[in-house]
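Based on these hints, arrange chain B on the given structure of chain A.
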Amino acid sequence: MKKKWGILGALFTFLALGQAVKDFPALGDPQQPASIHVVPRYVEKTIEETYVPNAITSIIADYRGYDTNYETTVIFTAGLSVMMILGGALKWRKNGKT
Amino acid sequence: MEEKWEDLIIETISRILIPFIQTYALYVLAHGHSSPGGGFQGGCIYAASLILLFLLYGPRGLEGNFPIKFLFILSALGVGVSYAGIGALCMLFGKNFLDYAALNNLLPHGPVEARYYGIAMVETGVQFTVMCTMALIFLKLLQEERTSV
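Taken in sequence, the protein lines are chains A and B.
Going by this note's numbering, the first residue of the first sequence is number 1, and it counts up by one from there.
Going by this note's numbering, the first residue of the second sequence is number 1, and it counts up by one from there.
Just chain A, with the same shape it has in the complex (with noise of 0.2 Å):
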């Protein structure tokens, strides 16, 4: 019983987000709004604003240093989130109490 609701929310969420899939902009099209907002900045001026050959590493860690610094942040904590729970899990289980 609990498993066809669970299928059922499944299958509603996909109809729901596959709705959503009509209203984006053709595939490659030039005016779509990721393309005419910042990026025309990206691709003219990497050269003379950053000196990195690569757009793709201006971006990253120039323009969004930010962003990569928290992101990088965020995989620390998933290791000190695992330094956690299991640490306390094995201390725990020496005290006796499961």
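Hints listed in this document are in silico derivations from the structure and should not be mistaken for laboratory results.
Check before you lean on any hint, since a few could be wrong.
Stated by the list, open to error - So the derived list for chain A, only partly shown, Cβ under 7 Å to chain B, looks like this:
hint : residue
1    : Gln-32
2    : Pro-53
3    : Thr-57
4    : Thr-77
5    : Gly-79
6    : Ser-81
7    : Val-82
8    : Leu-86
What the hints assert, rightly or not - Just some of the chain A residues that point at chain B, by a computed CB distance under 10 Å:
hint : residue
9    : Asp-23
10   : Phe-24
11   : His-37
12   : Thr-50
13   : Val-52
14   : Asn-54
15   : Ile-56
16   : Gly-65
17   : Tyr-66
18   : Thr-68
19   : Asn-69
20   : Thr-72
21   : Ala-78
22   : Leu-80
23   : Met-83
24   : Gly-87
For each residue, glycine too, the CB sits at the ideal point set by N, CA and C.
Chain B only, in chain A's frame:
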């Protein structure tokens, strides 16, 4: 996972492969400026070589060589000192956070080289964090497996 993996073929092939995987990881890191690559990808490839090593010898065989505390401290240093430290250093010279041109005051070759070395150091920090976190999670799960069975 208790015993050492006794298989001549697997051990020999892994011992041949691991240095090449690690060299390739460092290449991906160092060449990240002008081709796809960088700290995240290089760190993952390096961590793959370490995980191959753990699978080969088991956690007990490498007990002293990779203490979890050391990996954890190294991953904290990667994000805290090498990334945020470079950003704070740029602020110290009166520019914005992570504006690498400020490193011009430290390095002798001008703003272009300053940006080059700034990005290289930041990517190295990312590589250390990713590599140590991957290896740490794998080692910690192996230890958990060992104590619970």
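Report the numbers of all earlier hints that the structure fails to satisfy, in ascending order.
Hints 1, 4, 6, 9, 10, 11 contradicted; others consistent.
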